[in-house]
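Q: Take a look at the letters that make up each chain.
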Amino acid sequence: MEHTSLLERILRGAALTLVVIFFMFPIVWIFMMSFQTNETILRIPPQLVFEPTLANYTALITGKLMTAAGTLDIAFMRNLWNSVFLSVTSVAVSLLLGVPAAYAFARHKFRGSEDIAFTLLSFRFAPALLVLLPLTLYFQKLGLANTYVGLIWVYQLICLPLILWIVRGYFEDIPADIEYAYRIGGHSWFATFRKIALPLAGPGIAAAGLLAFIFAWNNFVFALVLASADKQPVTVGALAFITSSGIQYGQISAAIVLSITPTLALALYAQRYLVEGLSLGAVKG
Amino acid sequence: MSPSALTISGVDKFYGPIDRGVQAVKKLTIEIGKGEIVALLGSSGCGKTSTLRMIAGFEEVSRGTISVGGRQVHTLPPVKRNVAMAFEGYSLYPPLTVRENMAFALKAARLPKSEVEAKVASIAKLLEIEDILERHPSSISGGQQQRASLGRALIREADLHLLDEPMGQLEPQLRAVLRGRIKHFIKERGLTAILVTHDQTEANALADRIAVMEGGVLQQFDTPDRIKERPANLFTGTFVGEPPMNVFEAYVGSAAGKINLRLPDGLSLDYDKDAFSAPVRDQLLSRERVVIGIRPYAVRRSKEGVPARVSANQWLGDQTHIAADFAGGSLVLVEHDRTRLDLGAPINVSIDPKNLHVFDQASGEAISHGMELA
Numbered sequence: 001m002e003h004t005s006l007l008e009r010i011l012r013g014a015a016l017t018l019v020v021i022f023f024m025f026p027i028v029w030i031f032m033m034s035f036q037t038n039e040t041i042l043r044i045p046p047q048l049v050f051e052p053t054l055a056n057y058t059a060l061i062t063g064k065l066m067t068a069a070g071t072l073d074i075a076f077m078r079n080l081w082n083s084v085f086l087s088v089t090s091v092a093v094s095l096l097l098g099v100p101a102a103y104a105f106a107r108h109k110f111r112g113s114e115d116i117a118f119t120l121l122s123f124r125f126a127p128a129l130l131v132l133l134p135l136t137l138y139f140q141k142l143g144l145a146n147t148y149v150g151l152i153w154v155y156q157l158i159c160l161p162l163i164l165w166i167v168r169g170y171f172e173d174i175p176a177d178i179e180y181a182y183r184i185g186g187h188s189w190f191a192t193f194r195k196i197a198l199p200l201a202g203p204g205i206a207a208a209g210l211l212a213f214i215f216a217w218n219n220f221v222f223a224l225v226l227a228s229a230d231k232q233p234v235t236v237g238a239l240a241f242i243t244s245s246g247i248q249y250g251q252i253s254a255a256i257v258l259s260i261t262p263t264l265a266l267a268l269y270a271q272r273y274l275v276e277g278l279s280l281g282a283v284k285g
Numbered sequence: 001m002s003p004s005a006l007t008i009s010g011v012d013k014f015y016g017p018i019d020r021g022v023q024a025v026k027k028l029t030i031e032i033g034k035g036e037i038v039a040l041l042g043s044s045g046c047g048k049t050s051t052l053r054m055i056a057g058f059e060e061v062s063r064g065t066i067s068v069g070g071r072q073v074h075t076l077p078p079v080k081r082n083v084a085m086a087f088e089g090y091s092l093y094p095p096l097t098v099r100e101n102m103a104f105a106l107k108a109a110r111l112p113k114s115e116v117e118a119k120v121a122s123i124a125k126l127l128e129i130e131d132i133l134e135r136h137p138s139s140i141s142g143g144q145q146q147r148a149s150l151g152r153a154l155i156r157e158a159d160l161h162l163l164d165e166p167m168g169q170l171e172p173q174l175r176a177v178l179r180g181r182i183k184h185f186i187k188e189r190g191l192t193a194i195l196v197t198h199d200q201t202e203a204n205a206l207a208d209r210i211a212v213m214e215g216g217v218l219q220q221f222d223t224p225d226r227i228k229e230r231p232a233n234l235f236t237g238t239f240v241g242e243p244p245m246n247v248f249e250a251y252v253g254s255a256a257g258k259i260n261l262r263l264p265d266g267l268s269l270d271y272d273k274d275a276f277s278a279p280v281r282d283q284l285l286s287r288e289r290v291v292i293g294i295r296p297y298a299v300r301r302s303k304e305g306v307p308a309r310v311s312a313n314q315w316l317g318d319q320t321h322i323a324a325d326f327a328g329g330s331l332v333l334v335e336h337d338r339t340r341l342d343l344g345a346p347i348n349v350s351i352d353p354k355n356l357h358v359f360d361q362a363s364g365e366a367i368s369h370g371m372e373l374a
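Taken in sequence, the protein lines are chains A and B.
Residue numbers for the first sequence follow this note's numbering, so the first one is 1 and each next one is one higher.
Residue numbers for the second sequence follow this note's numbering, so the first one is 1 and each next one is one higher.
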């Protein structure tokens, strides 16, 4: 860095600023809209200066939506809780199943192991809508439609392949001899998996878990079809803001702000952890 | 002989399906006594590391059996074999310090903490890594990591210590010092060690016996002296020894009480029939063609002898290596004084029949070494 000229630094700064503005603008705009009423939002021309109001947030948290046509009940907080519950549980189940599987695929080459791993990955190729129709019929027969169990099960389609393939790569990067060194010292393979492989792949597992969480959180179509109001996550719940008396832009914005907060916080927190994990690296020395 | 510490019998190793995959080790049979240090010596891909990893349990044995201390282990997981190993790639555990890396090898033995401390301290002193005990593997040099990895293997009390290229990364001076210390350490404790190396100096210095391998086949398993003086075949003869043995094909002839070994370019080594012992003479005369081998330090310059022409002359500080064009090939001789010979200078060389190694032309098996049959 010390060899860059002043001009270079200025240009780099300008370029970075442009990129940040470009990507942050919608989020900033939404953030600002969340503190405005529908009238100020729809004013032409739009204005940067406004009188902030917390009415949108109050409406979401109390569940009472005041519209021109009267008061509507909305289940936003319920949706938010559903999102948290579904995403966290799905990722947890995926980690529980996917991490040992990833280890097996990375360390043991057995007949058909590549085929099985690829089949699992191919779940992500299929368009969700293609899977949904038969799945809905089955779920209704099995009594899994509109249950948390059913939804978490379907969410495995999103989380499991992701975790499996990312974590497998991390396991493969650990030299097998490190594990052998531990095993020959009188430890079982399971102890080796727990004490050596898991901690060394830790950053990778965290990254995969985080990514899977974001994908699960953002999922829309599975929940739209398979869940009714009381099991719906925020992505589907936001549809409630399109009311008979117009679209509630202010509440939608507030809802978006509330729903991206957990993922954003998680990402910021995990980022610090990930960097720490990576600097540990240098396994080979 | 002391009880056997390791018995490998009829072991084959295939990578891929048996009989169809790549065969890394062929019909290996070796017996190592308790307290012995054995070196597996060979070039890359000769099967020495595969052998070591089969003993440790990281590779499956395709055929045959391996016993440690009279107990068949080749189907057991590594944890149940009671062997310790130093890895070529060090394989230190990155999140732990050097001290913890060595101590965790002892964890399974459940020793009291003070004893672990004492052991780590003594091994660290032996390997001169006391000053880096609190550092992490990523912050120390390759040589230091290698010593830490060696320490982690030596600290354990195992039936067998497997050392894969244990000193490859060390500086020459340190290597020489450590060789002596490690040998003393192993001998003092009566440990049995198997060392994989491609460095014959290391094998000679450390090992009681050397197993020379090539192409997955054990070529010779003997003491360093005997391997040097009585190589079992052409491969061992040319592989062991620095500079390597000079080798020439020769036609055997006899006339007027002399045996002639006729070399290419019309040259001939002529010896009195009586210069050979009777059995060696008979063996020689029963063949038409042989391969003869002469160690570079056994070649003498003399006034009368077979002519050669100097092609290189190197003074190494304590000896001179002279290469000469000879019999359609190159002959290397070693002298202990500094020799002034210009390139292209004619010299005459003579070879004492006592220093002649004779090999079968077709199979490469040794026929005789000097006056004795192989």
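Simulated from the structure, these hints should not be mistaken for laboratory data.
Computed from a predicted structure; not experimentally measured.
Glycine included, every Cβ here is placed at the ideal spot set by N, Cα and C.
Be a bit skeptical, because a hint or two may be false.
[Claimed, not checked] Once the Cα atoms are required to be at most 27 angstroms apart in a straight line, the calculated DSS-like pairs of lysine-lysine come out as:
| no. | chain 1 | residue 1 | chain 2 | residue 2 |
| --- | --- | --- | --- | --- |
| 1 | B | LYS258 | B | LYS273 |
| 2 | A | LYS195 | B | LYS80 |
| 3 | B | LYS26 | A | LYS109 |
| 4 | A | LYS109 | B | LYS354 |
| 5 | B | LYS228 | B | LYS354 |
| 6 | A | LYS195 | B | LYS228 |
| 7 | B | LYS80 | B | LYS27 |
[As the list claims (entries may be wrong)] With the Cβ distance kept under 10 angstroms, some of the chain B side facing chain A (calculated, not the full set):
| no. | residue |
| --- | --- |
| 8 | PRO94 |
| 9 | THR97 |
| 10 | GLY305 |
| 11 | ALA312 |
Q: Run through the hints listed earlier and report the numbers of any the structure violates, in increasing order.
A: Per hint list: 4, 6, 9, 10, 11 violated.
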